[in-house]
Amino acid sequence: MSRFGFPLWPRRAGSAQTAKDRLQILLAHERSGSAPDYLPQLQREILEVIARHVKVDREAIDIRMERGDELSSLEINIELPTAKR
Amino acid sequence: MKQQLKKDTHVSKVIVITSGKGGVGKTTSSAAIGAALAKRGHKTVVIDFDVGLRNLDMIMGCERRVVYDFINVIQGDAKLKQALIRDKRVDTLHVLPTSQTRDKDALTQEGVEAVLNELREEFDYIICDSPAGIERGAHMAMYFADEAIVVTNPEVSSVRDSDRVLGLLSSKTHRATQDGAEPIKAQVLITRYDKARIDKGEMMNVDDVLEILAVPLLGIVPESPAVLKASNVGVPVVLDDPSAAGQAYEDAVGRLLGEEIEIKVDGERRPGLLRRLFGRTA
Ligand SMILES: Nc1ncnc2c1ncn2[C@@H]1O[C@H](COP(=O)(O)OP(=O)(O)OP(=O)(O)O)[C@@H](O)[C@H]1O
Ligand SMILES: [Mg+2]
Chain A
1 MSRFGFPLWP RRAGSAQTAK DRLQILLAHE RSGSAPDYLP QLQREILEVI ARHVKVDREA
61 IDIRMERGDE LSSLEINIEL PTAKR
Chain B
1001 MKQQLKKDTH VSKVIVITSG KGGVGKTTSS AAIGAALAKR GHKTVVIDFD VGLRNLDMIM
1061 GCERRVVYDF INVIQGDAKL KQALIRDKRV DTLHVLPTSQ TRDKDALTQE GVEAVLNELR
1121 EEFDYIICDS PAGIERGAHM AMYFADEAIV VTNPEVSSVR DSDRVLGLLS SKTHRATQDG
1181 AEPIKAQVLI TRYDKARIDK GEMMNVDDVL EILAVPLLGI VPESPAVLKA SNVGVPVVLD
1241 DPSAAGQAYE DAVGRLLGEE IEIKVDGERR PGLLRRLFGR TA
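Chains as they are written, first to last, in my numbering: chain A, 1 to 85; chain B, 1001 to 1282.
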């Protein structure tokens, strides 16, 4: 595992540093209350909006998140039936 | 046994990793065993039953990707497939994280059963990481199990709690209360095995533990700095650099799958006597 440790600092960048980094990112998100509790609601609302235009299945939505220290990404995937116009 | 009627080619097993006592290595073992099964190509999911104290996601290294959890699925706020996190290293490995904010009452028996039944359709192995104790969370983690791995450290309170848990497995579970059902198959996994302390007589040896618990031995995992390092970086120990602990988990999984693998302690072979006495029956 040399995700962080360059041989430049062979002693310092041990796995404990990785543990600290991971915890800092996670806890920053947890403490700010940005726990994804709003997601069920977000999902419902997105589906409502889409349902005004196309017929979609309640299960056809998939939300994925990846938290980072600088920014987080939210990936929303919605399966649409082939549109007939 | 609904699932057996539906499909006979696909056998799905629910395995609880339990202990009674806290901090003995259940989560470490759940991650390692789940990953080792998945590495062998079995479609595996590890579920965190420790509601309110989510930890499995950290140990598996997917903590930044949790969106929905087990409780969201039970309460109908999310679909199961939305809550499952697929491992980035082994694509047959999945995690179902638990909630950090709810309490254990959210684990209803009907809810747990529904989720497990849905998982049985898709997965070969469903590993349930039990919380410590014998309260609701631990009860729900073991209730629907087909097999149990009782994680035990060679010291008095851990062995005593393991005995208590073995009693619950054989009396207070679905299989125990169903007429004609096979009882849960329980095996002991001794972890944090410290040969130096055992040799000094400070810790009970394996034979002492097995004599008391009288269930087959699945494996012995040595006390190892590799476990701490693996948890620091969020990699199950069997996916990290080779180590004695990782090998011990690989071997345990081989035995779980019915392979004949000799049990070794720190590279030493154990005398065959024990395996003959306690060796698994078919
Ligand atoms: N074989 C081992 N060698 C060294 N340390 C270990 C070993 N197994 C577990 N540990 C350490 O013991 C501690 C507890 O492990 P773990 O979290 O897996 O236990 P647990 O039974 O899930 O705990 P809890 O009851 O709180 O859920 C951790 O710090 C872990 O790194
Ligand atoms: Mg745990």
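What the hints contain is simulated information worked out from the structure, not anything from laboratory work. Don't take each hint at face value.
[What the hints assert, rightly or not] Computed cross-link-like contacts, BS3-like style, restricted to lysine-lysine with a CA-CA straight-line distance of at most 30 Å:
| id | chain 1 | residue 1 | chain 2 | residue 2 |
| --- | --- | --- | --- | --- |
| 1 | B | K1200 | B | K1039 |
| 2 | B | K1229 | A | K55 |
| 3 | B | K1043 | B | K1081 |
| 4 | B | K1200 | B | K1264 |
| 5 | B | K1229 | A | K20 |
| 6 | B | K1021 | A | K20 |
| 7 | B | K1200 | B | K1021 |
| 8 | A | K20 | B | K1039 |
| 9 | B | K1021 | B | K1229 |
| 10 | B | K1088 | B | K1229 |
| 11 | B | K1039 | B | K1229 |
| 12 | A | K55 | B | K1081 |
| 13 | B | K1013 | B | K1043 |
| 14 | B | K1200 | A | K20 |
| 15 | B | K1264 | B | K1229 |
| 16 | B | K1229 | B | K1172 |
| 17 | B | K1200 | B | K1172 |
| 18 | B | K1185 | B | K1039 |
[As the list claims (entries may be wrong)] These stretches of chain A come out as covered by chain B in the derived footprint (C-beta under 8 Å, 3 or more residues):
| id | stretch |
| --- | --- |
| 19 | 16 to 22 |
| 20 | 45 to 52 |
| 21 | 55 to 63 |
Every residue, glycine too, gets a C-beta built ideally from N, C-alpha and C.
Taking the hints in turn, this is what the structure says about them:
| no. | hint | verdict |
| --- | --- | --- |
| 1 | B:K1200 to B:K1039 | violated (37 Å) |
| 2 | B:K1229 to A:K55 | violated (50 Å) |
| 3 | B:K1043 to B:K1081 | holds (14 Å) |
| 4 | B:K1200 to B:K1264 | holds (19 Å) |
| 5 | B:K1229 to A:K20 | holds (12 Å) |
| 6 | B:K1021 to A:K20 | holds (27 Å) |
| 7 | B:K1200 to B:K1021 | holds (24 Å) |
| 8 | A:K20 to B:K1039 | holds (28 Å) |
| 9 | B:K1021 to B:K1229 | holds (23 Å) |
| 10 | B:K1088 to B:K1229 | holds (19 Å) |
| 11 | B:K1039 to B:K1229 | holds (20 Å) |
| 12 | A:K55 to B:K1081 | holds (21 Å) |
| 13 | B:K1013 to B:K1043 | holds (11 Å) |
| 14 | B:K1200 to A:K20 | violated (36 Å) |
| 15 | B:K1264 to B:K1229 | holds (23 Å) |
| 16 | B:K1229 to B:K1172 | violated (37 Å) |
| 17 | B:K1200 to B:K1172 | violated (38 Å) |
| 18 | B:K1185 to B:K1039 | holds (23 Å) |
| 19 | 16 to 22 | holds (count 4) |
| 20 | 45 to 52 | violated (count 0) |
| 21 | 55 to 63 | holds (count 4) |
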